[in-house]
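Enquirer: Given next are the chains, with one letter for each unit.
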Amino acid sequence: MQNFFVDSEFLSQQALERKHKLESDASFRTNHMQYMPGMEIINSDVYESVMSHVNSYDYAKYSAKDVNSALEHEICSIEDFKALLSPAARNFLEQMAIRARLETSKHFGNTVYLFTPLYIANYCENYCVYCGFNCYNHIRRMKLSLEQIDHEMQIIANSGMEEILILTGESRSQSSVEYIGESCKLARKYFRMVGLEIYPVNTDEYAYLHECGADYVTVFQETYDAEKYETLHLFGHKRVYPYRFDSQERALRGGMRGVAFSALLGLSDFRKDALATALHAYYLQRKYPQAEISLSCPRLRPIINNDKINPMDVHEKELCQILCAYRIFLPFAGITVSSRESASFRDGIVKIAATKVSAGVSTGIGDHESKYTGKESQSQEGDEQFEISDSRSFDTMYHDMSSEGLQPVLNDYLYV
Amino acid sequence: MNDDKLVIGGHEFSSRFILGSGKYSMKLIEAAVKYAGAEIITLAVRRANTKEGENILDFIPKGVTLLPNTSGARNCEEAVRIARLARELGCGDFVKIEIMRDSKYLLPDNQETVKATEILAREGFVVMPYMYPDLNTARDLVNAGAACVMPLASPIGSNKGLATREFIQILIDEIDLPIIVDAGIGRPSQACEAMEMGTAAIMANTALATAGDIPMMAGAFKSAIEAGRKAYLAGLGRVLTRGAAASDPLTGFLRD
Ligand code: SF4
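Protein sequence lines correspond, in order, to chains A and B. Anchor point for the first sequence: position 332 equals 332 in the working numbering, and the numbering is continuous, going up by one each time. Take any residue in the second sequence, count from 1 to its spot, add 1000: that is its number in the working numbering.
There's no promise every hint is true.
[What the hints assert, rightly or not] Below, computed lysine-lysine pairings styled on DSS-like, alpha-carbon distance capped at 27 Å:
id : chain 1 : residue 1 : chain 2 : residue 2
1  : B       : Lys1222   : A       : Lys106
2  : B       : Lys1160   : A       : Lys351
3  : B       : Lys1104   : A       : Lys287
4  : A       : Lys189    : A       : Lys375
5  : A       : Lys351    : B       : Lys1027
6  : B       : Lys1005   : B       : Lys1062
7  : A       : Lys189    : A       : Lys143
8  : A       : Lys21     : A       : Lys308
9  : A       : Lys351    : B       : Lys1230
10 : A       : Lys106    : B       : Lys1160
11 : B       : Lys1160   : B       : Lys1062
12 : A       : Lys106    : A       : Lys287
13 : A       : Lys19     : A       : Lys287
14 : B       : Lys1027   : A       : Lys106
15 : B       : Lys1034   : B       : Lys1230
16 : B       : Lys1230   : B       : Lys1005
17 : A       : Lys308    : A       : Lys371
18 : B       : Lys1115   : A       : Lys287
19 : A       : Lys61     : A       : Lys351
20 : B       : Lys1104   : A       : Lys106
21 : A       : Lys106    : B       : Lys1034
[Said to hold, decoys possible] Quick list of the computed label-pair ranges, beta carbon to beta carbon:
id : chain 1 : residue 1 : chain 2 : residue 2 : range
22 : A       : Asn68     : B       : His1011   : 38 to 44 Å
23 : A       : Ser176    : B       : His1011   : 53 to 59 Å
24 : A       : Leu146    : B       : Pro1061   : 54 to 60 Å
25 : A       : Gln407    : B       : Glu1077   : 44 to 50 Å
26 : B       : Arg1084   : A       : Thr396    : 35 to 41 Å
Rather than coming from a laboratory, the hints here were simulated on the basis of the structure. From the three backbone atoms N, C-alpha and C, an ideal C-beta is built for every residue, glycine too.
Construct all of the structure, not just a fragment, from the sequences and the given hints.
Expert: Structure, rendered in structure tokens:
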């Protein structure tokens, strides 16, 4: 068990007391399965389908024989996928990688997509204990004005990047849907493809954001284990597990072309979380066959004021196993590997299973100018969400991917 | 053989190899033109929609016909919009319609394809529709003004070759337009087989792009396609002909 709790000396006595109570007294916390006012309920059947598998998943029961036959099957069934995620598959890493690479090349050739994230605000009203943006963490908060966003986007676009992912902390009051919508409109000026990773919203709001130019929505469930989820998301709208779970479905109903899924590995039982993530994508694509789906696989990282946070039992080998299993089970899905991972891991995994990597990444606010050009920024900068590991610039990444024999693709998307 | 031309929408081509879209590189285009003899090159409009891609047009050798496709379209309206965009970009009047509302198998949506064909043919496009090999749809496509019919051989990425063989044969037998096989041709022998059956041309990309020696593979496809075409024109011998005739007539015993 790792210790996520850090007390800031800047909190008032009252705030500290409340924080401690949230941390230690479950009865002080709200019901995480109950919707808050204004949250749309869509009564989806996807949750049931996913969790019935996850709850009964006993990975210890799979043997080398199961893994072997999973690798022999031309089509990977859910049962096969479970075997590939099991501890028994750990000895089959090389075989899994070979099969994964074959699937990747059949569906994606030797291409690798590049994108960059842009954090436009780090205000957050939630207390997720593992995140640097959480409302009790003492960091420099900031929200970019539209002029600043325009400026940041220009700098990023000048680097050559054509796909952008807009992120915010989860604060509706600081970063309204309209504010995000205006940011999307700006992004459309500079980028061919605009994705969003923001707080979950209702279907009509996704439809509005789609009209503003966004076409892809990423929402991390963090962990699919509802009980565990409750102990990690102590305060704020993010506590509401089912509303978050249905985000991708609302986004698709709102007209978005694609959605991305992820668990933050290291928070809970990673095998179950990996199973849940892929099945979430699988069942949603079955229900909405036109949906483009992609998966990511972030692991826990150190944050400001808590450098001890780590991905626990998910080492690079486990991560690789999960990614290969994802690829074999969902050969057509995009797989993104974030800058949380090392350059050497990313260079290796794009040749096996991943199809997209970020480059030129900053998880801080308003610091692209100083980071990209080395120029002292004139204005204030906001702190970062977590420490990144692979800090390669766009140019370096482009070059490195090419020299690995891959073809970097900046965009192959049309807003229609 | 020299006057054996492939005619699409009134345009004549000597080559029966068409470079599909997908894995793109200048090296591939070069090899396809030089060694496979490609005269038509597919270009995904969505792929050209990049700052790098803007130059793709500059790389297309003179005399080669560009075939923009509508990949990324999920319905008729989107396909029509992409086709018009392609025309604005200066890609000419050819368009390959690809409409998929399935991200897993990437199977074409026949109904929407017929609708888009009708609209675009009316607007003067030379329409080349990608479809699932279904005879009724093919007939609808003919009536809608298609310039050819492009059935898939097997699902994209499946490496299954001519999985839809029997149904493609029906299209060849019943449809008066050129039948061009797309998607699934992984090796020259499969291309050859399709040509023997009477397919008018072959579209491929991945098979070349992922070859160890791209120019050599391009040459292999050229030879295979020519061989298959010759065999078709020559009329296959008794062993392979459908409803094969035995060398000694079965009915030879009949008197008067
Ligand atoms: S994970 Fe998201 S919602 Fe939670 S504290 Fe961090 S920014 Fe806020």
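Enquirer: Of the hints given before, which are not true for this structure?
Expert: Of the numbered hints, 9, 11, 13, 19, 22, 24 and 25 do not hold.
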